[in-house]
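**Q** With the hints as constraints, model all of the structure from the sequences given.
Order-wise, the sequence lines are chains A and B.
For any residue, its number in this note's numbering is found by taking its place in the first sequence, counting from 1, and adding 2.
For any residue, its number in this note's numbering is found by taking its place in the second sequence, counting from 1, and adding 2.
Hints in this document: simulated from the structure, not taken from any laboratory.
One or more of the hints may lead you astray.
One copy or two, it doesn't matter: identical chains are merged, so the pair holds either way.
16 Å max Cα-Cα, derived EDC-like pairs, lysine to aspartate or glutamate [what the hints assert, rightly or not]:
1) K264 - E321
2) K569 - D533
3) K550 - E207
4) K573 - E633
5) K629 - E642
6) K530 - E369
7) K366 - D533
8) K79 - E321
9) K9 - D458
10) K629 - E207
Protein chains: 2
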Amino acid sequence: MLDMFLKVSGAAAIAALLFVVYLIRYVLSKPQGTERMAFLSKSVQQGAAAFLKQEYTWVSGFVIVIAAFLAAVGVVKPELRLNWMTSVSFIAGAVASACAGIIGMWIATRSNARTAAAAESGGVKAALDVAISGGAVMGLTVVGVALLGLVIVYKIFNGDPTIVNGYAMGASLLALFGRSGGGIFTKGADMGADLVGKVEAGIPEDDPRNPAVIADNVGDNVGDVAGLGADLLESYVESIIAALAVGAIMFTANPGTTVFVKSFPFFVAAIGIIASIIGVMYVKKFAQSNPQSALMNGTYISAILCMLGVFGYSFLRGEGFSLEGVQYAWYGPAVACFVGIVAGMAVGFASEYFTSGKYNPVKKLAEGCQTGPAIAVTGGTAVGMQSTLGPVIVLAIAVVVAAHFAGVYGVAIAALGMLATTGMVVAVDAYGPIADNAGGIAEMAHMDPGVRKITDNLDAVGNTTAAIGKGFAIGSAAFAAIGLLSAFMLAANVTEVSISNPMILAGLLIGAMMPFFFSSMLFGAVGKCADTMIQEVRRQFREIPGLKEGKEGVIPDSTKCVSIATKGAIKGMLLPGGLAILFPVIIGFSPLGTAGLAGMLVGAIATGVMLGIQTANSGGAMDNAKKYIEEGHFGGKGSEAHKAAVVGDTVGDPLKDTVGPSINILIKLMCVISLVLAPLFAG
Amino acid sequence: MLDMFLKVSGAAAIAALLFVVYLIRYVLSKPQGTERMAFLSKSVQQGAAAFLKQEYTWVSGFVIVIAAFLAAVGVVKPELRLNWMTSVSFIAGAVASACAGIIGMWIATRSNARTAAAAESGGVKAALDVAISGGAVMGLTVVGVALLGLVIVYKIFNGDPTIVNGYAMGASLLALFGRSGGGIFTKGADMGADLVGKVEAGIPEDDPRNPAVIADNVGDNVGDVAGLGADLLESYVESIIAALAVGAIMFTANPGTTVFVKSFPFFVAAIGIIASIIGVMYVKKFAQSNPQSALMNGTYISAILCMLGVFGYSFLRGEGFSLEGVQYAWYGPAVACFVGIVAGMAVGFASEYFTSGKYNPVKKLAEGCQTGPAIAVTGGTAVGMQSTLGPVIVLAIAVVVAAHFAGVYGVAIAALGMLATTGMVVAVDAYGPIADNAGGIAEMAHMDPGVRKITDNLDAVGNTTAAIGKGFAIGSAAFAAIGLLSAFMLAANVTEVSISNPMILAGLLIGAMMPFFFSSMLFGAVGKCADTMIQEVRRQFREIPGLKEGKEGVIPDSTKCVSIATKGAIKGMLLPGGLAILFPVIIGFSPLGTAGLAGMLVGAIATGVMLGIQTANSGGAMDNAKKYIEEGHFGGKGSEAHKAAVVGDTVGDPLKDTVGPSINILIKLMCVISLVLAPLFAG
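**A** Written as structure tokens, this is what we have:
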């Protein structure tokens, strides 16, 4: 029966990929608009491709070294069962992530001009159709590739956790570099473009005269599409793997093992994919003039279908099971899954409350901007800190309830539940930057202002729905990390994590420090990248005659700016990424040992989850406070309040787009590395 | 022999208090300068006294409720041994803290004008003598009162930890309200004074026309003198109590109990007081024209004397002991003590590196200010985050080394070692605001600019030496919290804190969230207080004719401003303080239970320590980056870089003076409440 579920999962994954092929052909069949639009789209495509090539080249160096290390361990210490097979699985995970990144980016950068053209010819509905199709390519590629690869690896290596866990590590490694590199690129370019273009030269956003605008648009794609895709692919893979690992380890030692429990994660993944495909089809078919409700309904439909499937299956085939001496009912895992989905949404709504201009926190923040930039920043920080309360209470309750119904296994399943409909969530998330890019192209190609209005509207809707996606990402990161940590402790035989053990204490302090130190490095990298960009944009305005004045036929050297952002991102991501890999290894081999490592992971989860929520929501709140003022409140654009809000937004941008998402991956990566290398440390 | 050490400790405490009496008489014997100076000093005295009265009135409400609750527990559940005796001990701790606060503040507000007058008549040496005498009153009152009270409570209740722990809880409660209330007061007044006075009205700092200047000066005293004193009194008491509690619990169940180990904490405290008295006398006697070296040497002399005493005593009377099956040598506790002192200094130097204008981080931050306020704030945040690395590595090593030489007991002793010379550390710390206030009075009384130069120099020196004091505070907070947590786990019989226990997980997440949520409340309170102050200062400038223009005889209504800051501080401190008390109780009684509570404390320590370091150092770095620019770098005063740095400083001020120190107390308070109520939760 387990074998059957591998087949069902594989089939669902293949279905997703076939649907992707259909969507790609559909998007490519649409017209690109004028020659100018095609040219702009092409520039973004080339910039994005160049960045991805550079990024993957560097990252493949890391992948090769790590794979060789694992293989070498197998030669030196064959008794650990950590060998070339884990390397293969690890490489497979990395390749799966890279594939998803390349395909998603490829189509996203080809959907932007087409979305703008569709907006011009067919209005909101047509534009939404193209944009969501482009986003869905990313979303369904992520789940399709990830699950198919996992099924193959699982099948070949007979589900051996020591090997299969490598797959998650590969995905995690690429996610960290994708998110941090993409995040540095996008914010370096954005700050460079804004600080010289908007502030110094006084030209509008997305103005074609600004040499950094193409880099900024490329950044939206490498950060928000490729980075996001790699991020959620990792969470998705890890939530399945954590459930499998906890299941495999706990149930092997347990007489109450049932095939039902072992196959359940695969079933959830399969049903989630089908639910996501239906959700995307719903948006494409039934979207009317209201994109907001179309996207929300699509998301709800996926979640509900997924739940119905999970409960239906549990009702038909579920069996009770026992874990650590406690007996759980047949519906236990289904309830845990349900808890995960609801918790993910609740966290999303909590984020939405603190970051949307519709509610009090952002309104009050905007009001505070009248007192100046210092209050804007302090207020934004405070809102982010305050916003940790809700999600944490939700997560804590979810942990307790999930565990009540299915023990530790339930916690892992709750994480999986949150991520079951990843296909749909990523589709909606990736749709945002496509709409944003379409707006940029409309501006640069001097299209009718009505087009820009449509794309702006689509973009705004994307921000709201993306908040829910972020909630899933945050919640699932916490849960997946906890699941992986549990698996690590089981694998490394660390049964007792007593704080009175000084090794654990020391590890805890070091782990708690990691997210802070890691964030400081990312801040530094963004700052350096932005600084170089600023110098270059200033240089071009100074040295290219007629550029600033907008003389006919004078175009900026955008390629140079893209290359600067690429270099800055690559340089900036290597050190923090390398440290994230090395730290668990160093601690594991140090006198602190596996106990200290467990402590370190606990510490990293504790600060990482909070810092992740705080930075994401501080940044979001500051961004939307600025937008709220721009809508005409407290003096509107150009007022003192607006100037203060712009400062707040500039502070918030790297928080929400570089630091926040990277921290989520950092904690998961450290957990999964510890899990994979557990035999090495324990032995 | 234990009894003998109680007597030795008591004698040392009384010696400290006698020296305090001498110092008070000495300070009061100095002239106050002109009538105008006496008047200004009087205004600050009245403002500070009014605030303390209000604060203690409100806090006594909390004290009464908690004491009644403890007594009620004794009536309802007599078998828990938690009863009116713990109430008495708790009240004693609160009263000790209040006494120290009142005496320290009383003399500090009487030393300011006298320091200014001494600077005028006797130059640097005379001014330093008065200022350090005033600071030493605070420092030695803190240790004298705290230790004397503890010895009495310990003696009366025969060292029963259930009762004695209450003493620490009383001290901790007052510290939290003292720090958060004082912090809100000082930053609310400071921001109000600066934003209207300096920025809007364009009048210099400490100008007598500004209605909020007196409140600002009062704030320095209530925040940096009374708040700091209560803070370090708490740490001091808790480090002794944690060592006693761990000792009492572990050695009772242990056949290797020795009187040496039980009496050691009292001995360290006694020798530390003697060493501190000598350190203060050194500064008073041998201070020449270089106050920097006098203060540093005084600090070193105290530390070295303390170490010599500890090692000498261990050599003469030390005995080996066994703990959890491990045998430790006679020098184990002495080495742990040494590790604590060295670690405290190392953390201090690390803070100094990241926050002083002499080193690269602040210089680079100042350079970044040229790009605007957003980069100033982001850079400052990054510096703070980066600065977590060093202290954490130091603390982790210290934990491991201390534990290697004396087990869990060693960790508690290391905390005590850090705080043994608290008398000297507080003297140096409290000296800073006295010098600062003297400068304010010199300015307002239109004294010779040479006087201001001397006080500014003294103030600058104070900032450097205070950095080391802060290092001790941060390091000891982490250690004391860990010691208290260990004691709690022993008392509540939580032997296994496995992360795979969902209750612990849920608790961990909630605990990790607490410092963030708590900080957001403090931010909010500072913002509100500053806002009201701004309105009031604007109103006075508008409505009092001739005030802004500096017409002869027109004086502002300073009392109103003091009263606004007082109200803002009281209102702002109640909710976060109340929550800090309630959270451990709620979690302890919830289904999460003692295991969840242990998880919560672990989570709170993990994020609290990091956030404490980050906020303190971000704020310090931003402050000094501004000062560095004011020295003439990057355009100096009035340049764009300076404007950006002022924004950074305004953001950083509440971070370093309100949020950072309060978080340190928050985690200790939650630990000590859990420890005191452990019998209730466990039973």
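**Q** Would you mind marking each hint as holding or not holding in the structure?
**A** To see whether the hints hold, each was checked on the structure:
Only within a single protomer do K264 and E321 lie at most 16 Å apart by alpha-carbon distance; the minimum there is 11 Å, versus 57 Å between protomers. Taking the closest pair of Cα atoms, K569 and D533 come within 16 Å of each other only inside a single copy of the chain (13 Å); across copies the shortest separation is 45 Å, beyond that limit. Taking the shortest Cα distances, K550 and E207 sit within 16 Å of each other inside one copy (14 Å), while across copies they are farther apart (43 Å). Neither within a single protomer nor between protomers do K573 and E633 lie at most 16 Å apart by alpha-carbon distance, with minima of 38 Å and 34 Å respectively.
In the homo-oligomer, the alpha carbons of K629 and E642 lie at most 16 Å apart inside one protomer (14 Å), although the nearest pairing across protomers, at 26 Å, exceeds that limit. In this assembly of identical chains, the alpha carbons of K530 and E369 lie at most 16 Å apart only when taken from different copies (12 Å versus 32 Å within one copy). In this assembly of identical chains, K366 and D533 lie within 16 Å of each other by CA distance solely across copies; the values are 13 Å between and 32 Å within a copy. Proximity of K79 and E321 under a CA criterion of 16 Å is satisfied in neither setting, with 40 Å inside one chain copy and 45 Å between copies.
Taking CA atoms no more than 16 Å apart as the test, K9 paired with D458 passes in neither setting, with 43 Å inside one copy and 77 Å between copies. In the homo-oligomer, the alpha carbons of K629 and E207 lie at most 16 Å apart inside one protomer (14 Å), although the nearest pairing across protomers, at 35 Å, exceeds that limit.
In this structure, the earlier hints numbered 4, 8, 9 are contradicted, and the remaining ones agree with it.
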